[in-house]
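**Q** Count the sequence shown with this note's numbering and you get residues 178 to 353, in order.
Among the clues, some could well be false.
[What the hints assert, rightly or not] SDA-like mimics (lysine to any residue), calculated; alpha carbons at most 25 angstroms apart, straight line:
{"id": "1", "residue 1": "212", "residue 2": "181"}
{"id": "2", "residue 1": "189", "residue 2": "253"}
{"id": "3", "residue 1": "189", "residue 2": "229"}
{"id": "4", "residue 1": "297", "residue 2": "330"}
{"id": "5", "residue 1": "189", "residue 2": "221"}
{"id": "6", "residue 1": "326", "residue 2": "296"}
{"id": "7", "residue 1": "326", "residue 2": "255"}
{"id": "8", "residue 1": "212", "residue 2": "347"}
{"id": "9", "residue 1": "335", "residue 2": "289"}
{"id": "10", "residue 1": "326", "residue 2": "229"}
{"id": "11", "residue 1": "326", "residue 2": "352"}
{"id": "12", "residue 1": "297", "residue 2": "260"}
[Claimed, not checked] Between beta-carbon pairs, the in silico distance windows are:
{"id": "13", "residue 1": "224", "residue 2": "290", "range": "21 to 27 angstroms"}
{"id": "14", "residue 1": "332", "residue 2": "201", "range": "44 to 50 angstroms"}
{"id": "15", "residue 1": "330", "residue 2": "210", "range": "40 to 46 angstroms"}
Source of the hints: derived by calculation from the structure; they are not laboratory data. Nothing here was measured: the structure is a model prediction, and the numbers come from that model. Every residue, glycine too, gets a C-beta built ideally from N, C-alpha and C.
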Amino acid sequence: MTDTEERRKLLKIARDSLECAFSGRTADTPGTNRKQGAFVTLTENGNLRGCIGYLTGLSPLYDQIAELAREAAFSDYRFPPLREEELPLITIGISLLTVPEPIDSADSFRIGTDGIIMEKAGRRAVFLPQVALETGWTEEEMLSALSRKAGLGSDGWKEGASFMTFQAEVFSEDDL
178 MTDTEERRKL
188 LKIARDSLEC
198 AFSGRTADTP
208 GTNRKQGAFV
218 TLTENGNLRG
228 CIGYLTGLSP
238 LYDQIAELAR
248 EAAFSDYRFP
258 PLREEELPLI
268 TIGISLLTVP
278 EPIDSADSFR
288 IGTDGIIMEK
298 AGRRAVFLPQ
308 VALETGWTEE
318 EMLSALSRKA
328 GLGSDGWKEG
338 ASFMTFQAEV
348 FSEDDL
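Kindly produce the complete structure, drawing on both the sequences and the hints.
**A** Spelled out as structure tokens, the structure:
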């Protein structure tokens with residue numbers, strides 16, 4: 178569990194990274210060399226505005242958070258790049274992930290507790306644990322949406338898919 182001070186630091190790094198992207202400055206990310214999977218989520222008025230992450234730590238966590246904030250703002254293909262005038266309207270959220278573990282079947286998935294990764298036929302899709310709660314989906318609705326996200330039909334999860342689950346420590350600027 179990350180303490181409140183580290184949560185504040187991670188959120189500040191993400192915010193500074195976005196501000197620096199518009200000003201041309203370089204963000205300062207001194208800190209931990211710990212590597213950990215993480216996602217950065219941007220919302221605007223409660224609506225998703227960008228979300229990018231890595232399931233495993235590829236670089237030191239503080240550097241990774243700075244990079245993910247910029248990618249969520251400018252590289253999430255589902256949204257146009259963030260404009261500078263939107264920056265004050267954006268709320269930043271961070272999800273720090275545990276290491277994904279394989280499960281025997283989708284029946285072992287715990288909705289609202291586990292994040293889930295599905296792989297089938299060379300395709301892969303991921304949902305963070307909070308997605309089911311935020312959307313109000315049932316387990317079957319979530320698995321069907323996961324299948325569609327992977328580019329498979331709604332029933333793609335029912336046969337031949339493999340699954341891994343993980344948990345996330347989720348916090349945002351609204352929490353602190």
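**Q** Which hints, by number, does the structure contradict?
**A** Result: hints 11, 12 break, sorted rising.
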